[in-house]
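Work out the full structure, taking the sequences as your base and the hints as a guide.
Residue numbers (the numbering used here), protein chains in the order written: chain A, 553 to 736; chain B, 28 to 292.
Think of the hints as simulated: they come from the structure by calculation, not from any bench.
Backbone N, C-alpha and C fix where the C-beta goes; we use that ideal spot for every residue, glycine too.
Watch out, some of these pointers could steer you wrong.
Derived, one-sided and incomplete: chain B residues facing chain A with beta-carbon distance under 10 Å [stated by the list, open to error]:
#, residue
1, G42
2, E66
3, D86
4, G96
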Amino acid sequence: MAEQHIAGGAGATWEAFEAEALPHAERLFRLAMWFERNRDEAEDLVQETMVRALQSFHRFQSGTNCRAWLIAILQHLRSNRRRARFRSPIVFDADDQIAATPFVPPIPQMLTDEDVLGALERIPPRFQEVIVLCDVEELSYKEIAAALEIPIGTVMSRLHRGRALLRAELPALAPGRARQSAET
Amino acid sequence: MECREVRELSDSFLGGELQTETNHAILHHVERCPACRAEIDGRRQLRLALRTAFERSADLRPRPEFIAGLVRIETGTAAPRASRRGGMKWLAIAATLALTTVGGYRFFEARLIAAAVGDHRFCALGLTTDGQEATGITSLPEAVRQYEPGFRVFEEVPADEIPTSGGPARVLNRHSCVYGGRRFAHLILQYRGIPVSVIATRGAAPVSLGAVAGHVSTARADNLTVMSFHASGYSVFVVGALTPSDLSALANAVSGDVVRALAKS
Numbered sequence: 553m554a555e556q557h558i559a560g561g562a563g564a565t566w567e568a569f570e571a572e573a574l575p576h577a578e579r580l581f582r583l584a585m586w587f588e589r590n591r592d593e594a595e596d597l598v599q600e601t602m603v604r605a606l607q608s609f610h611r612f613q614s615g616t617n618c619r620a621w622l623i624a625i626l627q628h629l630r631s632n633r634r635r636a637r638f639r640s641p642i643v644f645d646a647d648d649q650i651a652a653t654p655f656v657p658p659i660p661q662m663l664t665d666e667d668v669l670g671a672l673e674r675i676p677p678r679f680q681e682v683i684v685l686c687d688v689e690e691l692s693y694k695e696i697a698a699a700l701e702i703p704i705g706t707v708m709s710r711l712h713r714g715r716a717l718l719r720a721e722l723p724a725l726a727p728g729r730a731r732q733s734a735e736t
Numbered sequence: 028m029e030c031r032e033v034r035e036l037s038d039s040f041l042g043g044e045l046q047t048e049t050n051h052a053i054l055h056h057v058e059r060c061p062a063c064r065a066e067i068d069g070r071r072q073l074r075l076a077l078r079t080a081f082e083r084s085a086d087l088r089p090r091p092e093f094i095a096g097l098v099r100i101e102t103g104t105a106a107p108r109a110s111r112r113g114g115m116k117w118l119a120i121a122a123t124l125a126l127t128t129v130g131g132y133r134f135f136e137a138r139l140i141a142a143a144v145g146d147h148r149f150c151a152l153g154l155t156t157d158g159q160e161a162t163g164i165t166s167l168p169e170a171v172r173q174y175e176p177g178f179r180v181f182e183e184v185p186a187d188e189i190p191t192s193g194g195p196a197r198v199l200n201r202h203s204c205v206y207g208g209r210r211f212a213h214l215i216l217q218y219r220g221i222p223v224s225v226i227a228t229r230g231a232a233p234v235s236l237g238a239v240a241g242h243v244s245t246a247r248a249d250n251l252t253v254m255s256f257h258a259s260g261y262s263v264f265v266v267g268a269l270t271p272s273d274l275s276a277l278a279n280a281v282s283g284d285v286v287r288a289l290a291k292s
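Right, dumping it as structure tokens:
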């Protein structure tokens, strides 16, 4: 996408877009970068998200959550790209099959950024998605459901399961390590 | 409310997803239950730790020039990207437009632009696409000595820092280059996070530029805004992937300075 033409991207629309949407670009990039793990892909995705958002900015309702709206566009583009890459459907929802909740250990204190991101990285992507959208991007269940195009009940069950998995991945010895570093 | 129920609802509680009555029931419970209070605190801490880790991660940080370049989606040119940039196409287009305007042509040909890109794209770096020293690119003082004494003005004007009503612009590079047999003074500026070219060449004022010195005209070409003015026998073009309203503050500032300096020289 070297160059794209924006039919309605002039005047008042641009002013509003610049004020409401552009400030979210950095956070949007972090999100894209987390999911794609590739800077070129993430830049492409964010750029295309912004172009699409500008094209349909007249449909954005002022006063609603602009970041949630942008994330929904980004997620939509991601799933389109995934579909294009793999012709057969690759995502099937196994949430219902995972009924049993695993043992939930207590949350360790003094977690480092690496501890938290490392644990997040180790859980399946569909659980990462809902956790990041909920806890990092602070979207509501309803907004997550819209962004991922899944029922709200699925959002809740994935969050429940995902959080349990995340806790199981957190380093159990974090308090000891914190004590150790305090002593040295 | 029992502990089991509080645990089940605690994330929805933290996310503000519960009704007021349910919130109250949970708060009432945790006042008397240290274990549930610790559990909710732990979950709150984990959310905060995730958010903070995302914000601090250097791996997830975007390149500043990528974010700054996103303003270019308005004009339809893609934001600058790390490894796939196609070079400074706008330099070629600016020079082509200058040539055709000074020559009195109303339009310029796509073919001419396409041919220009290869020759002129890295002129700011003094390199052609195959890495050889480009011909015709010289320092501005050298061009003044050898070819165009009138370019002396552009050694200092506009100043390295240009205050404008739309924010400051900074001159990054001044040189002289040849395009299509015509010599240009070429200044590369940083303005509102993107590169903008100011190019000047000696030539009679085309009718389209108007008879009044310093009068700024606007044209749009290939997603670029080209603002031009004429002064003391020189045609000057300010070119960038910005909207006319954004570029006009810079063009007007440059025009004022250049017209005054050329009149004195």
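Hints, verified against the model:
1. For the restraint placing G42 (chain B) at the interface with chain A, the shortest Cβ-Cβ distance is roughly 6 Å, inside the 10 Å limit, so the hint holds.
2. Interface restraint check: E66 (chain B) against chain A, minimum CB-CB distance 8 Å, threshold 10 Å, status holds.
3. Taking 10 Å as the C-beta contact cut-off toward chain A, the hint placing D86 (chain B) at the interface holds, the least distance being around 7 Å.
4. Against a cut-off of 10 Å between C-beta atoms, the interface hint on G96 (chain B) holds, since the closest Cβ of chain A lies about 9 Å away.
In this structure, every one of the numbered hints holds.
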